[in-house]
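With the hints as constraints, model all of the structure from the sequences given.
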Amino acid sequence: MAFRLFASIILNKYLMKHSFLIAAIFFLSASASFGQRYFTKTGYVSFYSDTPIEKIEAHNKSANCVLDLNTGKLEFGVLIKGFQFEKALMQEHFNENYLESDKYPKALFKGQIDNYSKIDDTKNGKITCKISGDLTMHGITKKITTDAEIVVNNGKIEAESQFNILVADYNISIPSLVKDQIAKSVKVNVRLNLEQLKM
Amino acid sequence: MKTNFLFLVLLLSFSFVRAQDDMLSLLGEEKTIQYTNASFKTNRVINLHSLENTAGGVLDFKISHRFSTLNGGFYELFGLDNSTIRIGLDYGLSDVLTIGAGRSSYEKAYDGFIKYKFIRQSTGKRRMPITAALLLTSAIQTLKWSNPDRDNFFSNRLYYTSQLIIGRKFSQSFSMQLSPTLVHRNLVKTDIEKNDVYALGAAARIKLSRRVALNAEYIYLLPDQVASDYTNSLSVGFDIETGGHVFQLHFTNSTSMIEKGFISETTNKWNDGGIHFGFNVSRVFTLKHKNLD
Chain F
1 MAFRLFASII LNKYLMKHSF LIAAIFFLSA SASFGQRYFT KTGYVSFYSD
51 TPIEKIEAHN KSANCVLDLN TGKLEFGVLI KGFQFEKALM QEHFNENYLE
101 SDKYPKALFK GQIDNYSKID DTKNGKITCK ISGDLTMHGI TKKITTDAEI
151 VVNNGKIEAE SQFNILVADY NISIPSLVKD QIAKSVKVNV RLNLEQLKM
Chain V
200 MKTNFLFLVL LLSFSFVRAQ DDMLSLLGEE KTIQYTNASF KTNRVINLHS
250 LENTAGGVLD FKISHRFSTL NGGFYELFGL DNSTIRIGLD YGLSDVLTIG
300 AGRSSYEKAY DGFIKYKFIR QSTGKRRMPI TAALLLTSAI QTLKWSNPDR
350 DNFFSNRLYY TSQLIIGRKF SQSFSMQLSP TLVHRNLVKT DIEKNDVYAL
400 GAAARIKLSR RVALNAEYIY LLPDQVASDY TNSLSVGFDI ETGGHVFQLH
450 FTNSTSMIEK GFISETTNKW NDGGIHFGFN VSRVFTLKHK NLD
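Chains F and V, in that order, give the protein sequences.
Per the working numbering, the very first residue in the first sequence carries number 1; after that it's consecutive.
Per the working numbering, the very first residue in the second sequence carries number 200; after that it's consecutive.
Keep in mind that the hints were calculated from the coordinates and are not lab data.
Restraint ranges, calculated between C-beta atoms of paired labels, are given here:
no., chain 1, residue 1, chain 2, residue 2, range
1, F, Thr42, V, Asn281, 54 to 62 Å
2, V, Arg482, F, Pro52, 21 to 29 Å
3, F, Lys179, V, Asp423, 51 to 59 Å
4, V, Leu381, F, Ile140, 46 to 54 Å
5, F, Tyr104, V, Gly442, 17 to 25 Å
6, V, Leu342, F, Pro52, 50 to 58 Å
7, V, Leu258, F, Lys179, 23 to 31 Å
Going by beta-carbon spacing under 8 Å, a handful of chain V positions derived as facing chain F:
no., residue
8, Met222
9, Leu223
10, Lys230
11, Asn236
12, Thr441
13, Gly443
14, Val483
15, His488
Using N, Cα and C, we set each Cβ at its ideal position, and we do this for glycine too.
As structure tokens, then:
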């Protein structure tokens with residue numbers, strides 16, 4: 001208690017002394033992060049589970065993504081219920097039994113592009129880069145790293161990536177009855193057409 | 200100095216909120232509609248139609264049995280010696296429109312229905328707290344006329360049911376619905392019985408695990424419509440899902456599996472053991488695959 005009081009007095013004194021400076025820093029950093037951001041609300045994500053018995057694929061065309069070119073940060077969100085399957089029953093089982101979309105409605109990715117400084121949105125070009133970050137799905141967060149291709153095309157940014165995720169990593173239990181029908185590793189494709197975000 | 204400090208605190212808290220918020224929030228609200236699905240495991244609770252429809256392009260083949268009553272005792276092996284059966288096919292013309300037909304051994308009845316979901320529970324761009332559907336069924340019983348010498352009209356064999364189904368999936372594991380119903384019988388046995396029978400059905404399910412659910416339904420008949428030996432229908436059972444099949448195992452005091460029967464002609468009573476063990480087996484076949492592009 002005494003320590004907390006003491007600490008807060010020190011902190012207050014410090015803050016008061018430097019308040020202008022700190023305020024200035026926050027203002028600066030805030031304005032800096034309002035830089036070049038790109039976004040989409042119609043990102044495409046699909047996944048494939050391929051086994052000799054059954055091929056399962058699902059598509060989602062309403063992924064949200066924001067890319068910040070100043071920091072190389074990329075955030076990506078997709079609603080689990082937005083995945084469309086060929087068979088309604090698969091879709092129901094996917095939502096009800098495997099991903100539990102009422103409880104965990106979204107899959108989120110927060111990542112960092114390694115050589116983002118090479119992306120120049122003023123001229124057309126193509127670069128390959130590495131993106132690594134955290135993928136949260138079904139209540140579990142795991143690190144993933146993937147290669148992505150980024151194309152600047154007349155002020156728009158197209159990004160494309162493929163990676164594999166292990167079903168077991170995300171605590172998705174598959175009953176033994178259907179375990180031969182669902183692949184242990186699922187291939188994910190992501191395709192984004194990003195436009196500049198105007199604040 | 201003091202205002203300065205306050206200003207700083209304000210600014211700090213503001214930037215803190217910003218830091219917590221992810222960049223995705225810049226995009227605002229989700230612009231898609233997410234329909235709530237799987238309020239029940241299949242399109243029937245037990246006897247009653249549930250909130251769910253057969254998905255578009257899907258054929259649902261149903262075989263249902265009701266054994267005889269438990270009070271038959273060991274001699275009848277608690278009703279297992281006798282059973283009535285209904286074989287039916289339901290097809291989803293779209294995700295909101297289902298048609299179906301069936302044939303019951305009980306009263307040798309043929310039945311058909313059309314079910315249209317006109318309100319779908321959803322979140323996202325459109326928030327809708329409930330699902331509502333309209334069910335219209337008709338049935339023809341084809342027993343030999345009990346009195347062939349009388350003037351018997353074909354229309355005497357016909358029965359119609361109109362039912363509104365209103366309900367909500369409250370959580371991942373709990374759903375509930377109400378089913379106000381009107382059953383019309385073209386011919387009734389005695390003149391104290393009404394041709395039109397009004398009833399209110401209520402049903403709920405609780406998911407016990409990802410693949411097993413507990414269901415219950417009760418149908419209340421409004422007073423003074425049917426003969427005194429008819430009673431309200433009460434059924435309790437389990438849904439067990441195994442991939443493409445749903446097994447529904449239940450206990451009910453109704454013998455018939457079609458609306459006009461289990462709503463307006465239930466005679467057995469739970470309290471004297473007039474309980475049928477029964478099951479519905481549902482197997483779905485995807486006839487039309489969804490186009491994913």
